[in-house]
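Chains as they are written, first to last, in our numbering: chain A, 1 to 82; chain B, 83 to 164.
The set of hints was computed from the structure by calculation and includes no laboratory data.
Don't be surprised by glycine CBs; every beta carbon is placed ideally from N, CA and C.
Example chain A residues on the side facing chain B (calculated, C-beta under 8 Å, incomplete):
1. L26
2. T35
3. G40
4. K41
5. I62
Read off the chains here:
There are 2 protein chains.
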Amino acid sequence: MPTIVVDVMPKAELLDPQGKAVAGALGRQGSTRFTDVRIGKRFELAVDGPADEAVLAEVREIAATLLSNDVIEDVVAITVVD
Amino acid sequence: MPTIVVDVMPKAELLDPQGKAVAGALGRQGSTRFTDVRIGKRFELAVDGPADEAVLAEVREIAATLLSNDVIEDVVAITVVD
Numbered sequence: 001m002p003t004i005v006v007d008v009m010p011k012a013e014l015l016d017p018q019g020k021a022v023a024g025a026l027g028r029q030g031s032t033r034f035t036d037v038r039i040g041k042r043f044e045l046a047v048d049g050p051a052d053e054a055v056l057a058e059v060r061e062i063a064a065t066l067l068s069n070d071v072i073e074d075v076v077a078i079t080v081v082d
Numbered sequence: 083m084p085t086i087v088v089d090v091m092p093k094a095e096l097l098d099p100q101g102k103a104v105a106g107a108l109g110r111q112g113s114t115r116f117t118d119v120r121i122g123k124r125f126e127l128a129v130d131g132p133a134d135e136a137v138l139a140e141v142r143e144i145a146a147t148l149l150s151n152d153v154i155e156d157v158v159a160i161t162v163v164d
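Just chain A, same shape as in the assembly (with noise of 0.2 Å):
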């Protein structure tokens, strides 16, 4: 059974406080090489049948209405795993 993948970010242009709170507590831990931390969401949807082309198209509507909100968030990535 396949599972799309989908990933899902903050806005590269808002802030993302939980990310920022992670980056400040690396900071503080000496793991002084990270610039920065983003975090999101990964979303696994397992598939009952072959991830074809229909499927695959539902999967981009529905990542794009229920699953971000594209004020805030972009889908980075749709992805067909096993």
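Assemble the complex: chain A is given as a structure, and chain B must be docked to it using the hints.
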């Protein structure tokens, strides 16, 4: 500047209520091809300098300690992009 992506998902044996809610919403709107949805986190760490083995080792350590809770989550992938 390379970016290291860390993907964290809820463990397979745990319920994922957020994922179940999305799966339910998909079913109600007529997208019946999707049998399961799970929702995890995607961290993007911007690295100052090359993403060499030392940095990756540090990221593995950070992923296991700071970015995930190993009681309920698995680090499923650590990937270098750019």
